[in-house]
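**Q** Below, each chain spelled out in residue letters.
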Amino acid sequence: MKAEMKVVPSRPVIQAEPERKPAIAMIEIDRVSQVFQTSARRDHLALSDISLTIGDGAFVAILGPSGCGKSTLLYIVGGFVKPTTGVARVKGNAITGPGPDRGPVFQEFALFPWKSVLGNVMYGPRQQGVRREEAEAQSRRLIEMVGLKGFEHFYPKELSGGMKQRVALARTLAYHPSVLLMDEPFGALDAHTRTRLQNDLLNIWERDRKTVLFVTHSVEEAVFLSDRVVVMTRSPGRIKEIVDIDLPRPRRRAELLLDPRYQKYVVDIERLIDDTGEEELRP
Amino acid sequence: MMTARTLLSRSAPLLACLGLLAIWQVAALILNTDSFPTALQAIRAIPSILGDKESLINILASLRRMAVGFGVAILVSIPLGLMMGRSRNVAAFFNPLLMITYPVPKAALMPIIMLWLGVGDVAKMLVIFLGVSLPVIYHSFQGAKAVEEKMLWSGAAMGLSAAQRMVRIVLPAALPEILAGCRTGLVLALITMITSEMIARQSGAGNILFNALDMGQYDTVFAMIIIVGAMGIGLDAAFERLRGRLVRWSEPRFDMPLSFA
Chain A
1 MKAEMKVVPS RPVIQAEPER KPAIAMIEID RVSQVFQTSA RRDHLALSDI
51 SLTIGDGAFV AILGPSGCGK STLLYIVGGF VKPTTGVARV KGNAITGPGP
101 DRGPVFQEFA LFPWKSVLGN VMYGPRQQGV RREEAEAQSR RLIEMVGLKG
151 FEHFYPKELS GGMKQRVALA RTLAYHPSVL LMDEPFGALD AHTRTRLQND
201 LLNIWERDRK TVLFVTHSVE EAVFLSDRVV VMTRSPGRIK EIVDIDLPRP
251 RRRAELLLDP RYQKYVVDIE RLIDDTGEEE LRP
Chain B
1 MMTARTLLSR SAPLLACLGL LAIWQVAALI LNTDSFPTAL QAIRAIPSIL
51 GDKESLINIL ASLRRMAVGF GVAILVSIPL GLMMGRSRNV AAFFNPLLMI
101 TYPVPKAALM PIIMLWLGVG DVAKMLVIFL GVSLPVIYHS FQGAKAVEEK
151 MLWSGAAMGL SAAQRMVRIV LPAALPEILA GCRTGLVLAL ITMITSEMIA
201 RQSGAGNILF NALDMGQYDT VFAMIIIVGA MGIGLDAAFE RLRGRLVRWS
251 EPRFDMPLSF A
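One line per chain: the protein sequences are A and B, in this order.
Under our numbering, the first residue of the first sequence carries the number 1, and numbering increases by one thereafter.
Under our numbering, the first residue of the second sequence carries the number 1, and numbering increases by one thereafter.
Hints were generated in silico from the structure; no laboratory data involved.
Quick caveat, the model's predicted, so the values are computed rather than measured.
Don't take each hint at face value.
[Stated by the list, open to error] Listed below are several chain B residues computed to face chain A (Cβ distance under 10 Å; list not exhaustive):
hint : residue
1    : Leu152
2    : Trp153
3    : Gly159
4    : Val167
5    : Arg168
6    : Ala173
7    : Val247
[As the list claims (entries may be wrong)] Computed cross-link-like contacts, EDC-like style, restricted to lysine to aspartate or glutamate with a CA-CA straight-line distance of at most 16 Å:
hint : chain 1 : residue 1 : chain 2 : residue 2
8    : A       : Lys157    : A       : Glu108
9    : A       : Lys115    : A       : Asp49
10   : A       : Lys157    : B       : Asp34
11   : A       : Lys115    : A       : Glu136
12   : A       : Lys82     : A       : Asp49
13   : A       : Lys91     : A       : Asp101
14   : A       : Lys115    : B       : Glu251
15   : A       : Lys91     : A       : Glu136
16   : B       : Lys150    : A       : Glu108
[Unchecked claim] Derived list of chain A stretches under chain B, where covered just means 3 residues or more per stretch with a C-beta under 8 Å from a C-beta of chain B:
hint : segment
17   : 100–109
18   : 118–132
All residues carry an ideal CB built from backbone N, CA and C; glycine is no exception.
Work out the full structure: start from the sequences and follow the hints.
**A** Next comes the structure, spelled out in structure tokens:
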């Protein structure tokens, strides 16, 4: 196993498919700022002048304390929130609203409770006009892939948090978005479940290497999963630093946790986040 | 296999009915006045009412008015409530109106409505409509307001338009709450039906009841109370069955969520 741990480039998609054009910018965030009106009618600058380019097939984590606007940034890319100034683009086109090219996975799961597991996963393909039989076969495969074979006809209420998030992931993958937008997807889960889902997400991701934007406040999670970690500070939300994570893939947790390079990334990034920023206090 | 316990819990409503009738019987025997017939006397009067063509036509006419008033109220109130729940402007416009009309007993409007629309079906159906619509609007409003934003975002990402999200996400997500409002509305429909017939006495179940009272036929009065009560219980039970089928997904199949990471 150790012998096979050759150093793989951090973004091998480009090398593996040389006929493809060199790294196109999947997402461009161009001088985006977001101002919210607080209840006291005061303007709150949630995001200040954010610029960020994310290449095709990259796994990028946005890391920061609560209230740094990292989720807002994700919602802007999703088209759910309009930036006050600036523009976000996907494949060169300005984002004006949500679309099936960007699939969200939320911390709150946001499953349709009146639909079974299968019904949830089939929803996207059916909406896109895929024939029922085809959508069902496809969805059953996805459900198996996320480890929920046998639970096709369960309702979300009958599932644990970890299972719900697996369904949510399958539901989003089912309509083949080019970008996965993950908004603290494992934030509501216990530590053990969280670890299992991180491992499974990496396994799934390594099959087709979609572009992933992954919002988290866990340094370990960010380093373990991603190619790049965007470290943000809050009030106002700004990019403090972008750290390239040059660790080999496929990543195995047991090996990585012992890897001094991994440990150094974690310590360095923790140092970047100033002490005051880590407080879980919202303004 | 039905255990003794499930048998007991299934037949609990029936036992409650029988208990009530027994208390009634004993109380009437003790009091022994003309205006309070015994339960048996009242029950014995039921077949003659239900066997009488005239009374049956009256009761069916009542039910028809109730069905129309209830149906129209639901068709209007659910969309209105859902729109109020999802649009601040719509809510801001209708909320004050509802707040004022909500506590007003709808039967109190009956004299004015009769003045404008006469004593016929339309006036009575309008009162039933008013009685039903407010709880249904209110519950639809609350249900739509509580729909998780992220659920709608998930739908939007799949390509659902605003109108599709309303019908295919807000409506089913709010359905348990909407049906809770409809259940209240159904009982209110029955109440306003009888009250409207008390005020505009021309036909209907309420009319039979009050005619019998005028003529001192107390066994008929109490028999009608039993009939109307049974109608209410029957309608409510039927509605609960329907509700149970429609929103089975909101009741957990297991007491505990399955442990599975």
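**Q** If a hint holds in the structure, say so; if it doesn't, say that too.
**A** The hints, checked one at a time:
At about 9 Å, the closest approach between the beta carbon of B:Leu152 and any beta carbon in chain A falls short of 10 Å, and the interface hint on this residue holds. Nearest Cβ of chain A to the Cβ of B:Trp153: about 5 Å, under the 10 Å cut. The hint holds. At its closest, the beta carbon of B:Gly159 sits 5 Å from a beta carbon of chain A; the interface hint therefore holds under the 10 Å criterion. Proximity of B:Val167 to chain A is violated relative to the hint, the smallest CB-CB distance being about 13 Å (cut-off 10 Å).
For the restraint placing B:Arg168 at the interface with chain A, the shortest Cβ-Cβ distance is roughly 9 Å, inside the 10 Å limit, so the hint holds. Checking B:Ala173 against chain A: minimum C-beta separation of about 7 Å stays under 10 Å; hint holds. The beta carbon of B:Val247 is positioned within 10 Å of a beta carbon in chain A (closest approach about 8 Å), and the interface hint is therefore held. For the given pair, A:Lys157 sits about 13 Å from A:Glu108 by alpha-carbon distance, which is consistent with the 16 Å threshold.
Note on A:Lys115 and A:Asp49: the hinted pairing is violated, with a Cα-Cα distance of about 41 Å set against a maximum of 16 Å. In summary, the hint linking A:Lys157 to B:Asp34 is not supported, as the alpha carbons are separated by about 57 Å, beyond the 16 Å threshold. As the CA atoms of A:Lys115 and A:Glu136 are separated by approximately 14 Å, the hinted pair is consistent with the 16 Å bound. Between A:Lys82 and A:Asp49 the alpha-carbon distance is near 14 Å, which keeps this suggested pair within the 16 Å criterion.
Only pairs whose Cα atoms come within 16 Å are accepted, and A:Lys91 paired with A:Asp101 is accepted, the gap being roughly 10 Å. For the hint linking A:Lys115 to B:Glu251, the alpha-carbon distance of about 13 Å falls within 16 Å, and the restraint holds. Distance hint between A:Lys91 and A:Glu136 is unfulfilled; the C-alpha atoms sit about 30 Å from each other, more than 16 Å. Straight-line distance between C-alpha atoms of B:Lys150 and A:Glu108 comes to about 8 Å, which keeps the hinted pair within the 16 Å bound.
Counting residues of the segment 100–109 of chain A whose C-beta lies closer than 8 Å to any C-beta of chain B gives 6; at least three are required, and the coverage claim holds. For the segment 118–132 of chain A, the stated coverage by chain B is satisfied: 4 residues place a CB nearer than 8 Å to a CB of that chain, which reaches the threshold of 3.
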